[in-house]
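Per full-length UniProt numbering, residue 1 is the first one in the sequence shown, and the count goes up by one each step.
What the hints contain is simulated information worked out from the structure, not anything from laboratory work. Treat the hints loosely; a few may be bogus.
Below, in silico cross-link-like pairs of lysine-lysine (DSS-like), each with a Cα-Cα straight-line distance of 25 Å or less [stated by the list, open to error]:
id, residue 1, residue 2
1, Lys43, Lys33
2, Lys43, Lys22
3, Lys193, Lys118
4, Lys8, Lys123
5, Lys241, Lys262
6, Lys241, Lys127
7, Lys58, Lys8
8, Lys54, Lys123
9, Lys33, Lys54
10, Lys43, Lys54
11, Lys33, Lys8
12, Lys22, Lys58
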Amino acid sequence: IPTPKWRKLVAAEHVVVRTARKNTEEALLAVSKLADNNQLTGKRFSFLLSLMAKELSKEDIIIIMLSLNSDGLSTTVPTVLHNLYSLATNPAVQERAYQEVQSVVGMTEDITSAHLDKLNYIKAIVKETFRMYPNGTEISRILQSDLILSNYHLPSQTIVNINMGVHFRSDKHFSYPNQFRPERWVRGESTEKIHPFLLTPFGLGTRTCAGRRFAEQDMYVLLTEIIRRFQLSYEGTQPMKQVYNTLLLPAGPLPIRFMPRKL
Numbered sequence: 001i002p003t004p005k006w007r008k009l010v011a012a013e014h015v016v017v018r019t020a021r022k023n024t025e026e027a028l029l030a031v032s033k034l035a036d037n038n039q040l041t042g043k044r045f046s047f048l049l050s051l052m053a054k055e056l057s058k059e060d061i062i063i064i065m066l067s068l069n070s071d072g073l074s075t076t077v078p079t080v081l082h083n084l085y086s087l088a089t090n091p092a093v094q095e096r097a098y099q100e101v102q103s104v105v106g107m108t109e110d111i112t113s114a115h116l117d118k119l120n121y122i123k124a125i126v127k128e129t130f131r132m133y134p135n136g137t138e139i140s141r142i143l144q145s146d147l148i149l150s151n152y153h154l155p156s157q158t159i160v161n162i163n164m165g166v167h168f169r170s171d172k173h174f175s176y177p178n179q180f181r182p183e184r185w186v187r188g189e190s191t192e193k194i195h196p197f198l199l200t201p202f203g204l205g206t207r208t209c210a211g212r213r214f215a216e217q218d219m220y221v222l223l224t225e226i227i228r229r230f231q232l233s234y235e236g237t238q239p240m241k242q243v244y245n246t247l248l249l250p251a252g253p254l255p256i257r258f259m260p261r262k263l
């Protein structure tokens, strides 16, 4: 039904598609010219070159780049909001993250990839936030063979959904599952034996998110910059709730106060 909201959505999607196609075609042309002049280096267009090395068609490359623009925006924003809430409601975690940022990056230096390699607690915060506040509602799989599950026979090719909210907050998998504990992901600090494939928000294998490295880097850099510049506090009277809207999002505005630090 072509309602005004639907037409507005379609128009916005067309802008995203046109922009992604235009930018990708320009980048492909630039790569071709640099290659012809023997001026192509490994650092420039590294992601695009990795796609081209897989012998993907031009249309496939454009679709992947489009996904980075559209899917990346829709998933990164709620993830950042969830992380800010986690920091604002856990002062001890926030203080430890601040101390790590001070030690590794300092208060005025530009953030580099070398810094990111050492920000282990920041990475643990992001991972624990994915556990506590996942973007998705379920993990779906198609059974490749028959399965007996709780005395029920599920035939091959049945679609099975695993509820992530239950899965990630089960004491069968995590100690103190309802507590925000980033240290459970820091090597050498936790005695928990967490299965390495238990929490994989970006997928695995051929289904891995194409923009995983970009998304992770964006989150690490953004959180590091925010933490070293601001102290966060949650001004709400009720805990954050999530609502389903294609993905799981905060149910409403998050009243988080940003108090500037002395640099």
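Quick rundown of the hints versus the structure:
no.	hint	verdict
1	Lys43 <-> Lys33	holds (16 Å)
2	Lys43 <-> Lys22	holds (22 Å)
3	Lys193 <-> Lys118	holds (23 Å)
4	Lys8 <-> Lys123	violated (37 Å)
5	Lys241 <-> Lys262	violated (32 Å)
6	Lys241 <-> Lys127	holds (19 Å)
7	Lys58 <-> Lys8	violated (29 Å)
8	Lys54 <-> Lys123	violated (29 Å)
9	Lys33 <-> Lys54	holds (20 Å)
10	Lys43 <-> Lys54	holds (18 Å)
11	Lys33 <-> Lys8	violated (38 Å)
12	Lys22 <-> Lys58	holds (12 Å)
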